[in-house]
Amino acid sequence: MKLCLLLALALTAAAEEDIEFFEKRVRPLLAAKCYPCHSARTMAQKGLRLDTREAVRKGGSRGPAVTPRRADVSVLARAVSYQDPDLRMPPTGKLSEQEIADLRAWIEMGAPDPREEAAAKPSAGLDLEKARQWWAFQPFLAHSLPPVADKRWPTTWIDHFILAGLEAKKLRPAPAADKRTLIRRVSFDLTGLPPAPEEIDAFLTDNSPNAYQKLVDRLLGSPHYGERWARHWLDLARYAETDGHEFDREKPNAWRYRDYVIRAFNEDVPFDQFVREQIAGDLIARPRQAASAGHWDSPVGTGFFGLGEERNAADDLAEVRAEKLENQIDGLTKTFLGLTVACARCHDHKFDPIPTRDYYALAGILDSKRLIQACLDTPERTRETERVHGEIEQVNRQIADLVASRRSDLARDLVLAAEEKEGGTPLAKAWAAELKQAAKEPDHPLYALAKLAQGASSFSERLAALRKELAEWGAKTDADAVVIADFSTGNQDGWRVDGPAFGKAPQANGFYRVNELTGLLTSKSFRAEKAYLHVRLAGNSDTTSARQPGLLRVSLVGDGRDVTVTPDGTGRFVWRTTGLGKSQNEIVFVEIADRTRSGSLAVDKIALSDSREPPAGLRRPHPRVLEMLEAPLGSWEELAAAYQRWIKQEDSPLIQWLPALSLEQIAGEWPELRASEAKRESLASSLPDPVYGMVTVEDVPHDIRLHVGGNHKNLGDEVPRRFLSVLSGGGEPYRQGSGRVALAEAIASRSNPLAARVIVNRVWQHHFGQGLVRTPDNFGRMGMPPSNRELLDTLAARFVESGWSLKKLHRVIVLSSAYRMSASSDASAARVDPENRLLHHMPVRRLEAEAIRDAILAVTGSLDRTVYGPPVPPYISEYQDGRGKPQTGPLDGAGRRSVYVGVRRNFLPPMFVAFDYPMTVTTVGRRGTSTVPSQALILMNNEFVATQSARWADRLQSVSDGRRRVGKMFLTAFGRPAEEAEIGKSLRFVADQKARYGQAPDAEFRAWSDLGHVLMNSKEFIFIR
Amino acid sequence: MRERFLSRRDMLFRAANGFGGVALAAMLAEDRLKAAADPMRVRAPHYRAKARSVIFLFMDGGPPHVDLLDPKPRLSAEDGKLLPIAESSGARNPNKTLWGSPFTFRKHGQCGAEVSELLPHMATCVDDITIIRSMVSDHTEHTAGNYFMHSGSAIQGRPGMGSWATYGLGSECKNLPGFIVIDTGMIPPGGLDLFGSGFLPASYQGMLFRKGKQPVADILPREPSSGMQKAKLKLVRELDEGVVRRYGPVTQIEAAIANYELAFRMQTEVPDLLDFSGESKATLTLYGVDEPETDEFGRACLIARRMIERGVRFIELLSPRRSGVDRWDQHGNLMKGLAINCKATDKPMAGLIQDLKSRGLLDTTLLVWGGEFGRTPTSQGTKERGFGRDHHPYGFTMWMAGGGVKKGLVYGATDEYGYYAVENKVHVHDLHATILHLLGLDHKKLTYPFGGRQMRLTDVYGNVVRDVLA
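Going line by line, the protein sequences match chains V and U.
So for the first sequence, our numbering puts the first residue at 1; every next one is plus one.
So for the second sequence, our numbering puts the first residue at 1026; every next one is plus one.
For reference, chain U alone in the conformation it holds in the complex:
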């Protein structure tokens, strides 16, 4: 015991040529320390994974499915009439007047999927994606809907998909956390708890990656030069040597010492992510970087790709903040607001799909797009101020692409008005089960003991949607 410990201590302190050296990797060969020091160590999935990583494009507010990816000719034909079918008991919108989409749809690609004129770039990608037109959620209100879409529970403080994925699989990226949220200026209702680790260990909480010089809190050294920080850390390490000598072998202390190596390297890795100098002009154009409308989300998508290349497990992108719109929550003036949102995201998302594809990364990266719910086929507000649509969880659209998902598939359907999902319903729990499945995880086996029982992302629900699997 002593001997083994001493040799590890040697590695801990002597093999390191200063911070950022290779010592950690060598040290991590030792199992016990590995487990404690590195909750992100790569763990085998339950079965062979199709996707290595996930990019969740979360369109906070609720994109209107009937205006984007689920055309409804009958809705247009009966525009201005009253909704003829019985509403769900939880429906919010007191106005029952149908509103046909003011946007035109056209078929695209080999698969012939119909896409709204608002998404000209995504329209070129339909043969790479699966459009699910039969999503169902349980909540009509943003905060509960957001918690539910992330964690399968409408209650605050439960771990979400990103936390579960990293808890289940660890992360292949050693210099960044496994779960990163790219914040383009709008934290959805529900706040940072959407990305918290809940009852899972703190290691699995999402790291917020913001705009600006210091994208991650406390990532930049305060010292005027890196030499000064290194000098400090050298003395820290020397003092820690004394701690290990005096305290004896304490795994947790050794893990905390090793943790400084990771933190140190994150300091350089994070700014590297933002350094686009190695990206070609063509790539930047593909994402719409430097075009005023698409720059913000384009950069976020490009950073996401760079994170994928580094092996980050789960990346969530949030809607970009645009002037003149409140997220994707168009209760009024939808024609204007939706156009702004689509303009801001359409090209960057299509660019992301194409770029991942051309780099051979799309097959191992699962992309998921959608909001916490869709929007009603009925209108809200007045014509003068511009109609809007209300929250609608009874049938809405999401899309998935890449890692293990069928290409060029339109799955499920809503009724002729776009009100209820009627064919091949996919509940949020099913979506979660499917995402975990594609990562090689069985949603029924990925559990964590809390509150007297084994908790799951899918609670006691969820079925893998096998029809969308490639």
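Just chain V, with the same shape it has in the complex:
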């Protein structure tokens, strides 16, 4: 012991002259030739840093860079030698012979190296106190109203802040907009739809002082308000209903998240609650039910994490997992905090006080969850399901009793079947089928009977052979096998149960399976270190495409390459084996899914091993059979009698084998059985349909190791799970579960100034075209400072005071004089404040893609105002191609609002894309407003727009007078009456166009349809002032 210690000391204490050699010959060389790619301040390529002793020893993706005193095996020496074709460093050219010799000499002397870790860390001195001085991290204060000269202008308190800003620059706010402009503006803003002519009339004729307030209240009370504002939120959530990547697989029930958001806006769920639910809605103390839909709603919010891109044929699953985490952290922190934390994945954030450790602290929280199809049934629905299920169980017991009461028949017919006697009963035929299968499965209780029933040799010879075989079989070991589940023991511990199909107890042996039940069993995640998955299962065939998540299957769900087995469709239990491929050694969880009401699935055992054969240990001969064979057996008849005794015994497994498989066949013989069976099926079909949602649930809580340089193959220390240090005062690590609840609390807390600031800024932006902070997803140093911090802070403070009510926030904004200004800009104001940051007039805004389409549907009278529900399949044109191309939906999306048109990542509607629909990759708080020819081409030539024009013309036929018809069209399309000149031009256009159509019987109809088409192409249709 002593000796070793001394030796160690001798090895670590480098001689002074060695250090000198390093300083003179090695350090400058490393700094000049290696640091540019391999240091903490640069990118640490391949995870390798050469700027500290520790980093050199730890190495990169190829292991330690040096092995002291072993230049022959050191990666660094190999790399600079240029001998290895796959590893030649530096890439810019070979070092000189002298330089190479120096490096080798240094390694041989033990690689003495005085460079310490702390010196290399750029963030060593991150001063949190100083970092918190940044305005966005400061608490917000409700400011008192600034004094203004013009006391009459302000309507709501907001106006004091705006007017004070303008007056300071000697500017005047624009005059108030007229009522027509105002109702069009506020209708689009709050509901995304144009006001109907009747609504405009009502507003114009309402001379009461609170006419506008009544209008605003009506719009905020409309279900279309939620649709409009949910879409803004979906931009943040990178919302899509498919996985993208190669096959664009469907994300089952993703749309429920969209409905969840719409409902949350419509019900004015307090925003802090809304935030908490999206982070940890599956765990919060008082979850909400969806009033209109009758299921739990809060957990659906956690679908937020599952909306991103998913790969379906990845080669490096750990990399995919790391990328998914980055995407989730990016979305989470931009959406709720206005911070770009994902920048800290590879290195400390360059601009904001977010060290890499903070990134991995969050990553640990998010890595401790998994995404499943969770059952959302409310207690009422669950009780109803349980009630029916209880009745079903009762019938099952009756069936069991019935079968048991016929034990003698069963025993007799079994022997008949084994002896292949002619004229067997249906029951004997069922046994015969079972025996055929049993002859292939040594663990089948009937194996001995099937094997010994007949053969060329004598019974005693056959018996001897069988005894030997079973002894050998029993002696087989499978030390490498890992049993994931053995449901035959009745144990379902550690499994999460969703839906009724797998009940509260496992479907041991699949006895009495009921087709109509659906459900899901999921395990916690684990690292699958074996080559093969073996599952003993039974059920109907899964006919779903391999590229879609199957309906009846057992899967190892990993990060981009699910490993799946399906039943063989015969209803019999069989072992199925499949290779893990790229999923071997990766993190997976088991998902047992029965997602269809027309088929069933039962699972008996699940195991992993390195052999292609299912583990022998799970397929041992039945002990009772071994017992029978050990006893002296003189003849086949003695064996048959032994089996008959066994059948007649209480709880015999043989009884269970039969009816589950052959009920159909034997029911004809037993009318009572058929009646029970029918009763069971009818009960099952009366089961309520369970509601499933894409939900995040807890997995094994664990910290993860820092990925040095963002490289998942170069792991550093474990980082305890906790919130961002700059926002938490470096608080305690999270130990309760994954920490998602604590994270949700920390984000949606009054003491976090960003949550409220970021959302009020988003709301402001959607009302005024620009936020007070013009980079809505970035409140860090690379973002823009607020144009009016007092206003932003007061909005945030009052928003929190109001109970985080978004509807109250809307009211105070849209009722303000600022919001009611006209869009005409004053020349002098434009000179002083060309960007309109002080808000001297209302900016003109182009409608978003969805609002344009919805306006077309509304104007032509084709809009179906149904709220909520599964998506309408999107229309797929021949110009949309690629793998995973879906069946097209209707051209007009069945008239539903755009928010209900299915969002398929790889097949986004071209019209939406042309009008700056956000990419579905990460949070997009502000859409572009580009001008591209395809916008004009779509409005000019697209079939959808053309057919909508014709529908409009069709509806207008009831207005016979041309002038009145033109007037109605202008009023509907633009919310204003046509000018006299416009009426003249329009009527002339219709007449000329009709003449051009000549003798066509529908010439006049088409001319009017053309006029409608023209109005939709006018800029007034898509620009709102």
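Hints were generated in silico from the structure; no laboratory data involved.
Hints are not guaranteed to be accurate.
[Claimed, not checked] DSS-like cross-link-like pairs, simulated, lysine-lysine; straight-line CA separation at most 27 Å:
hint, chain 1, residue 1, chain 2, residue 2
1, U, K1368, U, K1382
2, V, K33, U, K1469
3, V, K530, U, K1121
4, V, K994, U, K1257
5, U, K1306, U, K1368
6, V, K968, U, K1259
7, U, K1121, U, K1199
8, V, K476, V, K436
9, V, K994, U, K1255
10, V, K530, V, K476
11, V, K179, V, K808
12, V, K968, U, K1257
13, V, K985, U, K1257
14, U, K1121, U, K1075
15, V, K350, U, K1469
16, V, K94, U, K1257
17, U, K1470, V, K33
Use these hints to put chain U onto chain V, whose structure you have.
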């Protein structure tokens, strides 16, 4: 302010003699409007450009370098033996058996580059091109590889080369978008997002140009006669005059009005591209147009040349759909599939190079050929059903030609088995840096703010491969 605005409005509405007139050009003289109306306005490069345009011949699926442009005698000599060198840790192919190329190679041209018998026409062009035998990519799977080859990131939704080029330089073609993808029937795995503009403005997304009467979505008027459409657009313009009067000067609205001029002219420009009546018989023959095997890709190449003449900035050609093959992805029966692919593309590509050269366009047009990766020197499948090769990003071949690239150069090398690139490695990021460099763009300066930082095509990587520059 008012006055200037009025004069511009005059131009907007009065100078135009109907749609398709010259009004837009005049109008675009005004800077502010120019910027908003025309994201494709020509912008100065960072330094003098060698290439004005790019044609990217994307061979989706992964062409096998050892069968086409990178002969490996030792691989043939050890055919059937096991790969003697350590495989990359990410390798996919469980079969380690070497498979020498079943095709013969011969030296060609002054430079003596060796080319497979499958590419007899390209063999005549070797003195015009640079063959890079040392390409390296990071991804072994199609979709990630495709995203990576296009955008330098394996993640969906990032802008690709075409978007970056048009964002950086605009387009000299006023009647067509600056970035066009000629789709001959096969959208690669990854879908249309390969050509999306990602976080760049929508203006820079690739326009899909398909086969058939209406190659571009919504390009053909629905009206029975052009007079009817013009009448509609005239009324639109008159109504828009009222909009401008009522709303006041709003740049975005004016840009949207001007945008209709461009759209209108695209309606005629696009069908013009397909009108080969002005092309000589000799030219059509050069591209293999009207020969059954080469017609499809020949037409695509010819259309690409016609787009180059019109000043389109970035054109991407996709592999033609041929019966009996799945892209260039021959996991089995490679001898048959590869022959079909080569037959379909060899003559048209050689024709394109020769045609551009004879018209003096090759010097300003950069051609880039290659897939998302190469294929293994080891075999897949069985001899009976025909061997194939697996995906292989650790060393593969691409070629470049024209605008600023050396002529008759074979650059870089793989090892003796064609497994690893060992000499003068060119990573995909380096290729991107080099393409931008030839367009006059510094890949480190061509940035766009997104997600809290300045994004680049080359992320934080990439070096210009100076050795291949002419």
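Quick check: which numbered hints come out false for this structure? Going through the list in order, the structure violates hints 7, 14, 16 and respects the others.
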